[in-house]
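Asks: Residues per chain are reported as follows:
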Amino acid sequence: MFRKRYRQQIPELNTTSTADISFMLLIFFLVTSSMDTEKGLLRQMAPPPQEQQQPTEVNKDHVLQVALDASNQLTCNGKPVDVKQLADEIKTMVMVNREGHVITIHTDRQTSYEAYFKMQNAIVGAYSSLREAYAQKHYGKHYKACNAEERTAINDYYPQRISEDLKGGEP
Amino acid sequence: MRPMQSMYRRKRRHVPSLNMASMPDLIFTVLFFFMIVTHMRSDEVKVRLEVPQGTEIQKLANKASVVNIYIGKMGKKWAVQLNGDIVKPEEIPARIEKLRAGLSPENAEKLTVSLRADRHTPMGIINDVKNALQQSYALRINYGGIEQNDAK
Numbered sequence: 001m002f003r004k005r006y007r008q009q010i011p012e013l014n015t016t017s018t019a020d021i022s023f024m025l026l027i028f029f030l031v032t033s034s035m036d037t038e039k040g041l042l043r044q045m046a047p048p049p050q051e052q053q054q055p056t057e058v059n060k061d062h063v064l065q066v067a068l069d070a071s072n073q074l075t076c077n078g079k080p081v082d083v084k085q086l087a088d089e090i091k092t093m094v095m096v097n098r099e100g101h102v103i104t105i106h107t108d109r110q111t112s113y114e115a116y117f118k119m120q121n122a123i124v125g126a127y128s129s130l131r132e133a134y135a136q137k138h139y140g141k142h143y144k145a146c147n148a149e150e151r152t153a154i155n156d157y158y159p160q161r162i163s164e165d166l167k168g169g170e171p
Numbered sequence: 001m002r003p004m005q006s007m008y009r010r011k012r013r014h015v016p017s018l019n020m021a022s023m024p025d026l027i028f029t030v031l032f033f034f035m036i037v038t039h040m041r042s043d044e045v046k047v048r049l050e051v052p053q054g055t056e057i058q059k060l061a062n063k064a065s066v067v068n069i070y071i072g073k074m075g076k077k078w079a080v081q082l083n084g085d086i087v088k089p090e091e092i093p094a095r096i097e098k099l100r101a102g103l104s105p106e107n108a109e110k111l112t113v114s115l116r117a118d119r120h121t122p123m124g125i126i127n128d129v130k131n132a133l134q135q136s137y138a139l140r141i142n143y144g145g146i147e148q149n150d151a152k
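Listed in order, the protein sequences are those of chains C and Z.
In terms of the working numbering, the first sequence opens at residue 1 and continues consecutively.
In terms of the working numbering, the second sequence opens at residue 1 and continues consecutively.
It is worth saying that the hints were derived from the structure and are not from the lab.
Take the hints with a grain of salt, since some may be wrong.
Stated by the list, open to error - Across the chosen pairs, the derived CB separations fall in these ranges:
#1 I10/C x D85/Z: 19 to 27 angstroms
#2 V37/Z x M95/C: 40 to 48 angstroms
#3 D165/C x Q53/Z: 19 to 27 angstroms
#4 Q135/Z x Q160/C: 15 to 23 angstroms
Said to hold, decoys possible - SDA-like mimics (lysine to any residue), calculated; alpha carbons at most 20 angstroms apart, straight line:
#5 K110/Z x A148/C
#6 K91/C x V47/Z
#7 K39/C x R119/Z
#8 K84/C x A133/C
#9 K88/Z x A148/C
#10 K110/Z x Q110/C
#11 K88/Z x K84/C
#12 K110/Z x M95/C
#13 K110/Z x T152/C
#14 K77/Z x V87/Z
#15 K84/C x S129/C
#16 K39/C x E44/Z
#17 K59/Z x P11/C
#18 K39/C x V87/Z
#19 K73/Z x R109/C
#20 K88/Z x Q134/Z
#21 K46/Z x K60/C
#22 K46/Z x Q44/C
#23 K46/Z x E38/C
#24 K63/Z x Q44/C
#25 K60/C x I27/C
#26 K91/C x I154/C
#27 K110/Z x T92/C
#28 K77/Z x E91/Z
#29 K39/C x T38/Z
#30 K46/Z x V66/Z
#31 K39/C x H120/Z
#32 K63/Z x E38/C
#33 K39/C x K59/Z
#34 K59/Z x T152/C
#35 K60/C x R161/C
#36 K39/C x E91/Z
#37 K76/Z x T55/Z
#38 K144/C x E44/Z
#39 K110/Z x A133/C
The beta-carbon is built from N, C-alpha and C at its ideal position, and this holds for glycine as well.
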């Protein structure tokens, strides 16, 4: 018996459109997802004041009164300053009285959020430059490169003592 | 040297086709990359806002314990949006309580509020919101902002 043997070939699937399908999926994900990571200034608020809590007396010399008025004018202990000067003021204040200083923040209800954000930015900047200097001096590396333990040590060395007035004056 | 082709026997030469078999694989790789690095937009932002710029901003880690608050303009008025819906500042403590109950204990402890407010929001609204947050012991606040360009 002669049977013609020819190799059976599996018919090839046409896969040209797979690329199109996966492109469509890709574009779908690009549209529906957001690449931008949440960024911002991380701050810790003080716990709510207790009823029977006595307001602690603080020496006036150790207090830095930062205020923002309705026209977004930044004042520091009563004299008008800009954010750079504020950062410098905070730095000198903290260096003089590391553990006893207090920064009080007062805002008006009409103050714009941007001005407030810029002020917070300046405060964070002042503290982080001090902590950076400390990290460089004692650990010989950047604050960012320090491990959690070293960071806590640095943060304890330069504590942030900020008291915020949330009443905000007249509504 | 190639022998000269006869004028009558023209062989049709065509460009060899590219093998496209690996193309889908490639695109799938890109797709998976995007699926991993991005996260779905969880809630629609109903208010119009533009966050301020700063120089000291950091990335916000641990998305599981983040509560989003958006403050911006809705039409002509200022509105506060907590995660998905518009709320009044007075309602925030109850909402936070509810959200906190839904989190695991370690995430509830690290509960962070991502406050994304418009640049021109008056501080009165923000202070009301912060007061509400303080009452509900949600004390970690992330003031949303974008990196300032130093080009200027």
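Asks: Each hint needs a verdict: does it hold in this structure or not?
Replies: Now the hints, each set against the structure:
1. I10/C x D85/Z: 19 to 27 angstroms: violated (56 angstroms)
2. V37/Z x M95/C: 40 to 48 angstroms: Holds, at about 42 angstroms.
3. D165/C x Q53/Z: 19 to 27 angstroms: holds (25 angstroms)
4. Q135/Z x Q160/C: 15 to 23 angstroms: holds (22 angstroms)
5. K110/Z x A148/C: At roughly 16 angstroms apart (the allowed maximum being 20 angstroms), A148/C and K110/Z satisfy the hint.
6. K91/C x V47/Z: Outside the cut-off at roughly 38 angstroms; violated.
7. K39/C x R119/Z: holds (15 angstroms)
8. K84/C x A133/C: holds (18 angstroms)
9. K88/Z x A148/C: violated (38 angstroms)
10. K110/Z x Q110/C: Roughly 31 angstroms between the alpha carbons, so the hint for K110/Z and Q110/C is violated.
11. K88/Z x K84/C: Status violated; Cα separation ~36 angstroms.
12. K110/Z x M95/C: violated (31 angstroms)
13. K110/Z x T152/C: Holds. K110/Z to T152/C sits at ~17 angstroms (cutoff 20 angstroms).
14. K77/Z x V87/Z: With Cα atoms ~13 angstroms apart, K77/Z and V87/Z stay inside 20 angstroms; holds.
15. K84/C x S129/C: holds (13 angstroms)
16. K39/C x E44/Z: holds (18 angstroms)
17. K59/Z x P11/C: violated (53 angstroms)
18. K39/C x V87/Z: Violated - the C-alpha atoms of V87/Z and K39/C are around 23 angstroms apart, more than 20 angstroms.
19. K73/Z x R109/C: holds (17 angstroms)
20. K88/Z x Q134/Z: Answer holds: K88/Z to Q134/Z is near 15 angstroms, not above 20 angstroms.
21. K46/Z x K60/C: violated (45 angstroms)
22. K46/Z x Q44/C: violated (27 angstroms)
23. K46/Z x E38/C: Status holds; Cα separation ~18 angstroms.
24. K63/Z x Q44/C: holds (17 angstroms)
25. K60/C x I27/C: violated (60 angstroms)
26. K91/C x I154/C: holds (15 angstroms)
27. K110/Z x T92/C: Given that 20 angstroms is the threshold and the Cα spacing comes to 32 angstroms, the pair is violated.
28. K77/Z x E91/Z: holds (18 angstroms)
29. K39/C x T38/Z: Distance of about 15 angstroms is within 20 angstroms: holds.
30. K46/Z x V66/Z: holds (18 angstroms)
31. K39/C x H120/Z: Roughly 19 angstroms separates the two Cα atoms, so the pair holds.
32. K63/Z x E38/C: The given pair, whose Cα atoms are some 9 angstroms apart, holds under the 20 angstroms limit.
33. K39/C x K59/Z: Measuring from Cα to Cα gives roughly 4 angstroms; hence the hint holds.
34. K59/Z x T152/C: Holds - the C-alpha atoms of T152/C and K59/Z are around 19 angstroms apart, at most 20 angstroms.
35. K60/C x R161/C: holds (14 angstroms)
36. K39/C x E91/Z: violated (26 angstroms)
37. K76/Z x T55/Z: This hinted pair is violated, its Cα atoms lying about 30 angstroms apart.
38. K144/C x E44/Z: Violated - the C-alpha atoms of E44/Z and K144/C are around 34 angstroms apart, more than 20 angstroms.
39. K110/Z x A133/C: violated (28 angstroms)
Checked against the numbered hints given earlier, this structure breaks hints 1, 6, 9, 10, 11, 12, 17, 18, 21, 22, 25, 27, 36, 37, 38, 39; the rest are met.
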